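Each chain, written out:
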Amino acid sequence: MTLSEIEMGLILALTAASCAIPGTVLVLRKQAMLSDAIGHSLLPGVVLAYALTANMNSPLLLLGAAVSGWLAVVIVETLTTTKVVKEDAAIGLTFPALFALGVLLVTVSYRQEHLDVDRVLLGMPELARYDRFLSETRDFGPKGLWLSGGLFLFHTLIFTLAAKEIRLTTFDPDLARAFGYHPMLVRQILMFLVSLTAVSAFNVAGPVLVVAFFVVPVCCARYWTDRYLTTFILSVLFALLGAILGTFFSIRYDLPASGTVAMTLGGLWFLCFVAYGLTSRRKSR
Amino acid sequence: MVIDAGLQPVLIGTTLLGAVTGSLGTFAVVRRQSLLGDALSHAALPGVALGFFLFGRETPFLLLGAGGAGWLALWAVMIITRRGRVSFDATLAGILSVTFGAGLVGLRKAQTQPQGAGLELYLVGQAGTLSYSDVSAVIAVGLLALIGIGLTWNLCFSVSFDPTFAQTIGYRVKVGEAILVSALVLAVVVGLQAVGAALLSALLVAPAIAARPWVNRLIPLIILAGLFGSVSCALGAILSHYLSDPTHRLSIPTGPTIVLCLSALTILSFLIHWLRKQIWLRQGGGT
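Protein sequences appear in the order of chains A and B.
Residue 46 in the working numbering is what sits at position 46 of the first sequence, and the numbering runs on without skipping anything.
Residue 198 in the working numbering is what sits at position 198 of the second sequence, and the numbering runs on without skipping anything.
There could be a bad hint or two in this list.
[Stated by the list, open to error] If the Cβ cut is set under 7 angstroms, some of the chain A residues that face chain B in the computed set are:
1) Asp36
2) Leu93
3) Ala97
4) Leu209
5) Gly266
[Unchecked claim] Subject to a maximum C-alpha distance of 25 angstroms in a straight line, what follows is the list of computed DSS-like cross-link-like pairs (lysine-lysine):
6) Lys86/A with Lys277/B
7) Lys277/B with Lys83/A
8) Lys30/A with Lys164/A
9) Lys30/A with Lys83/A
10) Lys86/A with Lys30/A
[What the hints assert, rightly or not] Pairwise CB distance ranges (calculated):
11) Ser4/A with Trp214/B: 52 to 60 angstroms
12) Thr279/A with Val173/B: 25 to 33 angstroms
13) Thr81/B with Met184/A: 25 to 33 angstroms
Honestly, the hints are just simulated from the structure, not real lab data.
None of these values were measured; they are calculated from a predicted model.
By construction, the Cβ of each residue, glycine as well, lies at the ideal position given by its N, Cα and C atoms.
Whole structure, please, built from the sequences with the hints as guidance.
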């Protein structure tokens, strides 16, 4: 393994881990499909913010795109709560519209630069390491590494500090309201965090594969524990394992890294599912 | 209006396609399974790649692979949710993203083959390149699905709205569900060509939603959804064709244009309905 491959693996692993933390809450709240909606809806935000900042890693772009992902959730919620349509249809209506807008913006505004729709759709972890964090004299490594690592620490901090609020509003919003918490506020903040995470993963995973990073590690973890905290820890571990194994496979067999990581996570899920089936059958006998 | 010769098959193809996906998607919306169509369209991608590797570049083989993969994904979703622990939405999201990843890997591999160029268009669709053979594929698949539903209409109807009732009067609910889901798979297979995996769910969901304020019965809803679907698909095809400007290397992709037309139509439909209701209330209606 060369240094560049190790760097790519680290970026993928940290990105997957930073997605797994908010992903756990999403899955436990039965809102996993919102991550799909957010992922797609980021695209117009990314394109517009890129037009303004001309820098894929500027904090302004991150925030701008995160707002556009969060807006998608707001639209879905508005459509659902005003009873215009049911939630599944609201999601199915909103994100393709925003995504189509994004694709059109890409093709119209970057037609001279050969910015592939392909690339926008898939993410390119192979290229992420070339965008490096340089000072006058030193090379501090790829920016993606700092971004995903920072986000991972940030999430760990937030989800530890606000553990009580998040947990209560997830499992019993009515009780949370009675205690004087604000389930709606917590929900909106969570959605913004999911959106922010998805933006930071955009370079690496693109709008669809980021869903795998959010959801699949948690699916794996669900078979092994019923405890809240353990689910988080297991999800992060599965995310790391999937990303590292996936990077290894992609290098070994010369496959696109982001897709291979998603497939590897799917394989882990399958193994967990089978193992759970075997163990639970033995218990019930 | 004079229509370019190159636009003709595209226009006919997208119009029919919109009718097929719009009418078949109605069942998904009614059964609150809109997102199933989304998952299916992503799951179809590895099938396209597999069809290419096993049989070759011809469209029917690719679509066969897509349909098969869609079916398999549905089966996986069913097995996983039945086992418990992971809820339906998480299963759907997980299967969707994993199959999409597999599809990307497969399509990327296919592009390294001499014949595999252009397969990546299944990601975002290639409505602008529809040919007459594609048109006949759309007609064949669409007719198959619609005739299948038509022959078992009572079953499909009761399963869509009240499975418990259908069970009580002795219908085989499982069979009805299988027929409806297969119809959805067929709709996905057809739509995949035009708008690609990422945007397909709009083609299934939006027409029925747009038609919903105007009708209260299922058959008119299906017909109106089909109509809305075909109108916006045709409009999208025309717009993208005439807005594209080869001299400035500007090519407007057809799929996203179609989806934006559909969204505009949906918003318009709701707006007109809302305005009519306001006027009706203003005139003292309902008192």
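Against the structure, the hints come out as follows:
no.	hint	verdict
1	Asp36	holds, 6 angstroms
2	Leu93	holds, 6 angstroms
3	Ala97	holds, 4 angstroms
4	Leu209	holds, 5 angstroms
5	Gly266	holds, 3 angstroms
6	Lys86/A with Lys277/B	holds, 21 angstroms
7	Lys277/B with Lys83/A	holds, 16 angstroms
8	Lys30/A with Lys164/A	holds, 19 angstroms
9	Lys30/A with Lys83/A	holds, 19 angstroms
10	Lys86/A with Lys30/A	holds, 15 angstroms
11	Ser4/A with Trp214/B: 52 to 60 angstroms	holds, 58 angstroms
12	Thr279/A with Val173/B: 25 to 33 angstroms	holds, 32 angstroms
13	Thr81/B with Met184/A: 25 to 33 angstroms	holds, 29 angstroms
Violated hints for the displayed structure: none, as all numbered hints are satisfied.
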